[in-house]
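> The residues making up each chain are set out below.
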Amino acid sequence: MDVMPKWAEVVLVPLISLVLAAILSALVILAIGENPWDALMLMIDGALGSTYGWGYTLYYATNFIFTGLAVAIAFHARMFNIGGEGQAVLGGLGVALVCLYIPWPHWSLALVGATLGAALFGAAWAAIPAYLQAKRGSHIVITTIMFNFIAAALLNYLLIGALKADGMEPATPKFAESAHLPSFQDMFSFGETALFRGAPANISFFVAVLACVAVWALIWKTRLGYEIRAFGHSESAAKYAGISPTKIIMVAMMISGGLAGMMAINNVMGEAERLVLNAVEGAGFIGIAVALMGRSHPFGVFLAAILFGFLYQGGAELALWTSIPRELIVVIQALVILFTGALDQMVRGPLEKMFLAARRNKAEA
Amino acid sequence: MDFLTLLQILDSTVRLATPLLLACLAGLFSERAGIFDIGLEGKMLAAAFMSGAVAYVSGNVWLGLLAGIGASMALSVIHGLASITFKGNQLISGVAINFLAAGLTVVIAQSWFAQGGRTPQLTGGARFNPVELPFAEAFRDIPIFGPIYAELISGHTIIVYIAALTVPLTWWILYRTRFGLRLRAVGENPAAVDTAGVSVVGLRYAAVGICGILCGIAGAYLATALQAGFVKDMSAGRGYIALAALIFAKWRPWYALYATLLFGFLQALALRPDLIERVLSFKVNGQLLDVLPYILTVIILAGFVGKAIPPRAGGEPYVKER
Chain A
1 MDVMPKWAEV
11 VLVPLISLVL
21 AAILSALVIL
31 AIGENPWDAL
41 MLMIDGALGS
51 TYGWGYTLYY
61 ATNFIFTGLA
71 VAIAFHARMF
81 NIGGEGQAVL
91 GGLGVALVCL
101 YIPWPHWSLA
111 LVGATLGAAL
121 FGAAWAAIPA
131 YLQAKRGSHI
141 VITTIMFNFI
151 AAALLNYLLI
161 GALKADGMEP
171 ATPKFAESAH
181 LPSFQDMFSF
191 GETALFRGAP
201 ANISFFVAVL
211 ACVAVWALIW
221 KTRLGYEIRA
231 FGHSESAAKY
241 AGISPTKIIM
251 VAMMISGGLA
261 GMMAINNVMG
271 EAERLVLNAV
281 EGAGFIGIAV
291 ALMGRSHPFG
301 VFLAAILFGF
311 LYQGGAELAL
321 WTSIPRELIV
331 VIQALVILFT
341 GALDQMVRGP
351 LEKMFLAARR
361 NKAEA
Chain B
1 MDFLTLLQIL
11 DSTVRLATPL
21 LLACLAGLFS
31 ERAGIFDIGL
41 EGKMLAAAFM
51 SGAVAYVSGN
61 VWLGLLAGIG
71 ASMALSVIHG
81 LASITFKGNQ
91 LISGVAINFL
101 AAGLTVVIAQ
111 SWFAQGGRTP
121 QLTGGARFNP
131 VELPFAEAFR
141 DIPIFGPIYA
151 ELISGHTIIV
161 YIAALTVPLT
171 WWILYRTRFG
181 LRLRAVGENP
191 AAVDTAGVSV
201 VGLRYAAVGI
211 CGILCGIAGA
221 YLATALQAGF
231 VKDMSAGRGY
241 IALAALIFAK
251 WRPWYALYAT
261 LLFGFLQALA
271 LRPDLIERVL
281 SFKVNGQLLD
291 VLPYILTVII
301 LAGFVGKAIP
311 PRAGGEPYVK
321 ER
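Keeping their order, the protein sequence lines are chains A and B.
First residue of the first sequence: 1, per this note's numbering; consecutive thereafter.
First residue of the second sequence: 1, per this note's numbering; consecutive thereafter.
Hints are computed from structural coordinates only; laboratory data are not their basis.
Quantities reported herein were computed from a predicted structural model and do not represent experimental measurements.
One or more hints might be untrue.
[To be verified] Okay, derived cross-link-like pairs now, SDA-like style, lysine to any residue, Cα gap no bigger than 20 Å in a straight line:
{"id": "1", "chain 1": "B", "residue 1": "Lys232", "chain 2": "A", "residue 2": "Ile32"}
{"id": "2", "chain 1": "B", "residue 1": "Lys232", "chain 2": "A", "residue 2": "Glu281"}
{"id": "3", "chain 1": "B", "residue 1": "Lys87", "chain 2": "B", "residue 2": "Ala206"}
{"id": "4", "chain 1": "A", "residue 1": "Lys353", "chain 2": "B", "residue 2": "Lys87"}
{"id": "5", "chain 1": "B", "residue 1": "Lys232", "chain 2": "A", "residue 2": "Asn278"}
{"id": "6", "chain 1": "B", "residue 1": "Lys232", "chain 2": "A", "residue 2": "Val28"}
[Stated by the list, open to error] For each label pair, taking beta carbons as the anchor points, the in silico distance ranges come out as:
{"id": "7", "chain 1": "B", "residue 1": "Leu169", "chain 2": "A", "residue 2": "Ala127", "range": "40 to 46 Å"}
{"id": "8", "chain 1": "A", "residue 1": "Ala194", "chain 2": "B", "residue 2": "Val57", "range": "50 to 56 Å"}
{"id": "9", "chain 1": "B", "residue 1": "Pro120", "chain 2": "A", "residue 2": "Trp220", "range": "53 to 59 Å"}
{"id": "10", "chain 1": "A", "residue 1": "Lys247", "chain 2": "B", "residue 2": "Pro130", "range": "53 to 59 Å"}
The beta-carbon is built from N, C-alpha and C at its ideal position, and this holds for glycine as well.
Let's have the full structure, built from the sequences with the hints guiding it.
And the structure:
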């Protein structure tokens, strides 16, 4: 029997973890001689105080939804896909190839093509570690870490070689105008009032929301989702029920890699409109924090991604106006991973004791 | 390629392999005791920063080394708490530690020194300086042996020699002491160790502690010996290469030495693209050399060249009642 009611499990535990991470972050800000309250206000104002700020927050959140879902799917099969970063790099390559070499008549078709390209490349990059895990038993965490580095080097190689545009910069040429995705500014400005002016949020945010719904349906409403969850709970029981471990490992990891790769329609196609070095900027790793925070549930992932989008945009504002460097966000991210992931039991233990004691009191009374 | 150039390459191989070796042995202690540690990178980075900072302020590199070990140990304690006491996920804890170090080092460095997340240049006694072994100059004129002794073996910092000595020491501890036997047992079958009345928790904390010390030395070497001061992200994936080397070595100390020397050699080659071109008479891509350690490890993991079998209880928290 579960010790804690469901609401405590899904709301209270992540919330307490978040509060702990926030308190420690505030201490860090205090220690470097700044005021945490002022910093928070500045972050809220910069990230949520204008449509411009929201445009950046939602842009970052779009990336994190994709990578968060990627990590979450793998978690459901009890696998830790730490390779979202590399899969997103390859997704970017897929998007670039689709956008550069196919003359698209309209952006909507280009978006479909690019999404497929991104997912395909991301999935392929996840398929190799998945195969090695399924067939050779080599640990997926180690292989996906290695594949992050190999992906970075591969991109580097291509961007100074085959795909490089004229000029000094290691980047591809700009994509054609017909592959330009509508930004929030294009979509939501009418007449004189320009909303989201200059912010990179674009239509792929809605693709990300659709992906959340699709992942939810996959995990809880389909046979495959059931098999993935069964495998995650107990490999031996799943095997006994006739579920093939090889199939689940391969499929779950390829969906995971595909989702991580799809992030590229936002950052490569939607924002940069060409492929540059280091386009992923650690979003693959933030997916880990997002999935942990969101308890591997698509809706939780969505909320956590917005939170991290806020932290990212707010952190950029902090770095601009105070002496607090951007890396503070990395610290917060680390603390969130630590408390929601590794020290989960530390938060959960006392809570479970409290609920047990409360229940006992009720039974006695 | 003449003899002297070869010696130069091997010389930088030794210098570049040293931090890999220390981190690899650190991981070896931890993983042999059943605690996976992908936080080697973060511990090295934290140690590099603290050693650089303290060495700069105090002007004494030994204080710097101590501070570096302290920083690494602090992260080890977090890892121990998460993965031993609270039975959390060791991999996630390692990831958190890597980010914690990557973020905190820059935030603190910026706050202390305001130089864009780095420490000021270290000079003189704030760095480990090369040690001239006895008779290096006297032997120099002896053919073959002389240059090898004077160029390759002599003239490194003390940490290089410490790292070299750590290999037989690790072997001896693991295979010739009671502690080592128990350490290996706790990574294979903790229940048996527990039944024998030996503390699983104590052994695992000891292993994580040793891992912290070695990572601390590795990090201090980066900031105070290999380079003169801390710069942002200076561990540059070495923790992960050490992890790769550990798999390559199949969790054995002597093989860890060979694996890290091989990976160090690849790094040394990557620094000299001109040389490769002259010897092989075609251009080898620098990126390829950089990722060769990872590719080799994936091939090893794929089981094409012998199978790498990790300690059986690795990654799993020990629960008594089960």
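> Against each hint, give a clear statement of whether it holds in the structure.
A quick look at each hint next to the structure:
1. Lys232(B) x Ile32(A): It holds: about 18 Å lies between the C-alpha atoms, which stays within 20 Å.
2. Lys232(B) x Glu281(A): Measuring from Cα to Cα gives roughly 16 Å; hence the hint holds.
3. Lys87(B) x Ala206(B): Status holds; Cα separation ~16 Å.
4. Lys353(A) x Lys87(B): holds, 17 Å
5. Lys232(B) x Asn278(A): Measuring from Cα to Cα gives roughly 16 Å; hence the hint holds.
6. Lys232(B) x Val28(A): holds, 18 Å
7. Leu169(B) x Ala127(A): 40 to 46 Å: holds, 42 Å
8. Ala194(A) x Val57(B): 50 to 56 Å: The hinted range 50 to 56 Å holds for alanine 194(A) and valine 57(B), with Cβ atoms some 52 Å apart.
9. Pro120(B) x Trp220(A): 53 to 59 Å: Once the Cβ atoms are compared, 56 Å apart, the range 53 to 59 Å for tryptophan 220(A) and proline 120(B) holds.
10. Lys247(A) x Pro130(B): 53 to 59 Å: Because 57 Å falls inside the window, the suggested range holds.
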